[in-house]
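Trainee: Respectively, the protein sequence lines represent chains A and B.
Using this note's numbering, read the first sequence as starting at 1 and increasing by one per residue.
Using this note's numbering, read the second sequence as starting at 1 and increasing by one per residue.
Heads up, a few of these hints could be off.
The list makes no distinction among identical chains, and a pair is therefore deemed to hold if it is satisfied within one copy or across any two copies.
Claimed, not checked - List of simulated lysine-lysine pairs, DSSO-like, C-alpha gap at most 30 Å: (1) K350 / K195; (2) K277 / K180; (3) K346 / K257; (4) K195 / K346; (5) K465 / K353; (6) K146 / K180.
Don't read these hints as lab results, they were simulated from the structure.
As the structure is a prediction and not an experimental result, all values here were calculated from the model.
Spelled out from the first residue to the last, the chains are:
2 protein chains.
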Amino acid sequence: MNKTDKILIIGAGLCGSLLALRLAQRGYKIELYESRPDLRTTDISAGRSINLALSDRGFKALRLCGVEEQAREICIPMYGRLMHDRAGNTFASNYSGREDEYINSISRGDLNALLLNEAEKHENVNIHFNKKCKNVDIENNTAHFKDYKTGQELSVKADVIFGTDGAGSSLRKSYYLERKFLFSYSQNYLNHGYKELEIPADKNGKHQISNQHLHIWPRGDFMLIALPNLDGSFTVTLFLSYNEGEFNFENLASEEKITQFFEQEFPDALAIIPNIKDEFINNPTGALGTVKCSPWSYQNKTILLGDSAHAIVPFYGQGMNASFEDVTVFDEILNKGLDSWESVFKTYEKARKQDTDAIADLAIDNFHEMRDHVANPIFKEKRKIEMDLEKTFPTEYFSKYSLVTFNANIGYNEAMKKGRAQDKALLNLIAGDEVHTHLNMTKDELKVILEKVKTETNNILEEDKIAGM
Amino acid sequence: MNKTDKILIIGAGLCGSLLALRLAQRGYKIELYESRPDLRTTDISAGRSINLALSDRGFKALRLCGVEEQAREICIPMYGRLMHDRAGNTFASNYSGREDEYINSISRGDLNALLLNEAEKHENVNIHFNKKCKNVDIENNTAHFKDYKTGQELSVKADVIFGTDGAGSSLRKSYYLERKFLFSYSQNYLNHGYKELEIPADKNGKHQISNQHLHIWPRGDFMLIALPNLDGSFTVTLFLSYNEGEFNFENLASEEKITQFFEQEFPDALAIIPNIKDEFINNPTGALGTVKCSPWSYQNKTILLGDSAHAIVPFYGQGMNASFEDVTVFDEILNKGLDSWESVFKTYEKARKQDTDAIADLAIDNFHEMRDHVANPIFKEKRKIEMDLEKTFPTEYFSKYSLVTFNANIGYNEAMKKGRAQDKALLNLIAGDEVHTHLNMTKDELKVILEKVKTETNNILEEDKIAGM
Numbered sequence: 001m002n003k004t005d006k007i008l009i010i011g012a013g014l015c016g017s018l019l020a021l022r023l024a025q026r027g028y029k030i031e032l033y034e035s036r037p038d039l040r041t042t043d044i045s046a047g048r049s050i051n052l053a054l055s056d057r058g059f060k061a062l063r064l065c066g067v068e069e070q071a072r073e074i075c076i077p078m079y080g081r082l083m084h085d086r087a088g089n090t091f092a093s094n095y096s097g098r099e100d101e102y103i104n105s106i107s108r109g110d111l112n113a114l115l116l117n118e119a120e121k122h123e124n125v126n127i128h129f130n131k132k133c134k135n136v137d138i139e140n141n142t143a144h145f146k147d148y149k150t151g152q153e154l155s156v157k158a159d160v161i162f163g164t165d166g167a168g169s170s171l172r173k174s175y176y177l178e179r180k181f182l183f184s185y186s187q188n189y190l191n192h193g194y195k196e197l198e199i200p201a202d203k204n205g206k207h208q209i210s211n212q213h214l215h216i217w218p219r220g221d222f223m224l225i226a227l228p229n230l231d232g233s234f235t236v237t238l239f240l241s242y243n244e245g246e247f248n249f250e251n252l253a254s255e256e257k258i259t260q261f262f263e264q265e266f267p268d269a270l271a272i273i274p275n276i277k278d279e280f281i282n283n284p285t286g287a288l289g290t291v292k293c294s295p296w297s298y299q300n301k302t303i304l305l306g307d308s309a310h311a312i313v314p315f316y317g318q319g320m321n322a323s324f325e326d327v328t329v330f331d332e333i334l335n336k337g338l339d340s341w342e343s344v345f346k347t348y349e350k351a352r353k354q355d356t357d358a359i360a361d362l363a364i365d366n367f368h369e370m371r372d373h374v375a376n377p378i379f380k381e382k383r384k385i386e387m388d389l390e391k392t393f394p395t396e397y398f399s400k401y402s403l404v405t406f407n408a409n410i411g412y413n414e415a416m417k418k419g420r421a422q423d424k425a426l427l428n429l430i431a432g433d434e435v436h437t438h439l440n441m442t443k444d445e446l447k448v449i450l451e452k453v454k455t456e457t458n459n460i461l462e463e464d465k466i467a468g469m
Numbered sequence: 001m002n003k004t005d006k007i008l009i010i011g012a013g014l015c016g017s018l019l020a021l022r023l024a025q026r027g028y029k030i031e032l033y034e035s036r037p038d039l040r041t042t043d044i045s046a047g048r049s050i051n052l053a054l055s056d057r058g059f060k061a062l063r064l065c066g067v068e069e070q071a072r073e074i075c076i077p078m079y080g081r082l083m084h085d086r087a088g089n090t091f092a093s094n095y096s097g098r099e100d101e102y103i104n105s106i107s108r109g110d111l112n113a114l115l116l117n118e119a120e121k122h123e124n125v126n127i128h129f130n131k132k133c134k135n136v137d138i139e140n141n142t143a144h145f146k147d148y149k150t151g152q153e154l155s156v157k158a159d160v161i162f163g164t165d166g167a168g169s170s171l172r173k174s175y176y177l178e179r180k181f182l183f184s185y186s187q188n189y190l191n192h193g194y195k196e197l198e199i200p201a202d203k204n205g206k207h208q209i210s211n212q213h214l215h216i217w218p219r220g221d222f223m224l225i226a227l228p229n230l231d232g233s234f235t236v237t238l239f240l241s242y243n244e245g246e247f248n249f250e251n252l253a254s255e256e257k258i259t260q261f262f263e264q265e266f267p268d269a270l271a272i273i274p275n276i277k278d279e280f281i282n283n284p285t286g287a288l289g290t291v292k293c294s295p296w297s298y299q300n301k302t303i304l305l306g307d308s309a310h311a312i313v314p315f316y317g318q319g320m321n322a323s324f325e326d327v328t329v330f331d332e333i334l335n336k337g338l339d340s341w342e343s344v345f346k347t348y349e350k351a352r353k354q355d356t357d358a359i360a361d362l363a364i365d366n367f368h369e370m371r372d373h374v375a376n377p378i379f380k381e382k383r384k385i386e387m388d389l390e391k392t393f394p395t396e397y398f399s400k401y402s403l404v405t406f407n408a409n410i411g412y413n414e415a416m417k418k419g420r421a422q423d424k425a426l427l428n429l430i431a432g433d434e435v436h437t438h439l440n441m442t443k444d445e446l447k448v449i450l451e452k453v454k455t456e457t458n459n460i461l462e463e464d465k466i467a468g469m
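Bound-form chain A, shown alone:
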């Protein structure tokens, strides 16, 4: 491996463009291919502005590449969830008891444009748009593309090929179909799909509901969420079963039924989504899938990064952050000075795989938690205690959410293991009537709870260990 190696990156989305930027900064020669047109000059949004939650792991990678501050300029901080019930009552639940811990709403398109601009400043980066990868001949390091504009096919040979081509990765599909090695692979869909809708800005261009929160309308079998955009609008996402329950995507087939559904379940949201019927009917229904696979790389030739290696459901707000963290970890492995791409790839996967598996599982957990548990009294009590503990003992207590979201120095896998044990400890202490809260807890009272949680968490971890789990 040396700096004259020709590196082909397939996919100039968030992960691919950040990777191109970082490898360019390290001096590599990059050819970056993207199936879609240049989103900086062509509107590919189909009228919808998609936003994402950016948090500490994402920022860490952006910082590495020198673009953290630019990204922060287009962020909208969200300090907590704001829950909406059917009657329109709201209650807030902060993401952390520490004031400097919050997540951020950011436009996917704006962030992608920022990264492409930065990558393009490097003369060792060439970006090619409208080139759709059909498949990769992994034995011969050759990717086959079709140009969407001219209809022509072309082949690109490289010394190393990175597949950052997302959940539907063509490189990953080539791994599966070429059968050159035992490829462990899973794609798992939830029985829920999603549909994006919009709450527009008011006539003054302002947000119609709090722009400091991620809004949630939890309803058990389904839910609505909304994240703010810089232009005063919100991108709303409905998560709903395809075919189960009283309301689902299959049976919401008429304008009447759609209106009835929103009137009954989300009246306060309906009041500020003016084009609900058109949007519901015209916007596509997306699938919610988790992809895991291994190995990510083939010899010293190809490797998967980002969603192509580990697509996850959006319920932990970590999809983009995990993909960006891939770049951080990959960069750390490059620092080791290993002698071949194959060693780099294998060392990277060994360091990274358990963490991307963990965030995939955590995201599925949160799907259930957001739908089912936010209204459960024991879970509510737990959140309240955790906020108090984080506020009172900011260097000693970190909830699972905080470990995952705000502690980029801890891997997802460790965060999951510790966080799950801690959740279990606290929930059982509450259910067993072993901890009690009241309105104005003293520090001493909280200290007792903190120690009980710590002891019980360690017991749980120890008992699992003895059982070989």
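Using the hints, position chain B against chain A.
Mentor: Here is chain B on its own, set in the frame of chain A:
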């Protein structure tokens, strides 16, 4: 759905031939296609006799089809494991404390032949050999075959198509590639492969080592097992990493290294495997994969049964039993008198899926347990206590192994949940010095242990439940 429906079954292995038999008994018209030649008239064993472990869930299905007794006649009971250490010392560990609970070694080929013979007795069954299924047009209920003898291609249209074509199922691959619906799918390989070897009969045609045991040579990173055959031989299987550890399939590339490996690790086995070098070099190395998927069926047209729906690793001895149990459960669903194949298929998957997922996970657990834990003192102590409990309280205590293997009235999923909690309880009671054993435990002493285990098991299940696990 009615009895004049033409049913196509792809794959006449163990599951397909049992399914054909059962559906024929119910009066359906069956076309059964198999890629290989008729194993009753052509030797397809490549010189190796493969055997499997048959136990209660398998017998239950065979009983349903009226062939249990015939199967028992070709069984060799194995009452426990016989562990061999490097020095050639052995120690036995029974599968159960109840005398009537044991597993059985049976020849795959002999059992398959028995089932084909029985199916063929029904005039509503036609069996077609040498017809390899290439793919299935699932929308049009049409399977495309290639005749291995003539080289000709042929298409078969049916009212309903059952895919019992094993772990490499072509029907399942068509689900994946046709993308008519969201298909959740996983194939996961262990980093270990396997290779079959043979301990021949002695010169009198007798077994050279105990034929009442499943022999295990556990060595941590790898292991050897052996199951007896009726002809006095044993089929031996080596489980070994492809590329990790001091010895692995990649680096065992010379006769010297192979001999060195067996001399060092399995000297007592080596002494009775005369053709070790030839067999090691000439016999193929097989992969150990787990396949899960969902949905198993498409509309009222096609369904996967057996390994095609849920291939598992062999470490719980449940692969064939789980596939046979599919037929039992499917038959129970047919008894409900539902009005369409689609309802039958969906009801079947709903009833069955959690159990096939569970046995897949249990089989992976046992891979680790057999390699790592059999020599662990706490695990050994646990097995000893469990044998005492089962012997002394035969209607009250059932180990996880017993729940899975000898209790066909309990689903795999329930067996897994209860069994795992019970294991965890007992291991932690031992580690915490809360239970003690000595050579001659009295019934009263054992009763105390039994109650502790019950209480602790219930605590564990309750705590998991509160934590939403």
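Trainee: Give a verdict on every hint.
Mentor: Hints and how they fare:
1. K350 / K195: between (36 Å within a copy, 27 Å between copies)
2. K277 / K180: between (49 Å within a copy, 27 Å between copies)
3. K346 / K257: between (52 Å within a copy, 27 Å between copies)
4. K195 / K346: Close across copies (26 Å), not inside one copy (38 Å); limit 30 Å.
5. K465 / K353: Intra 21 Å, inter 29 Å, cutoff 30 Å: intra and inter.
6. K146 / K180: So K146 and K180 pass the 30 Å test inside a copy (24 Å) and across (24 Å) alike.
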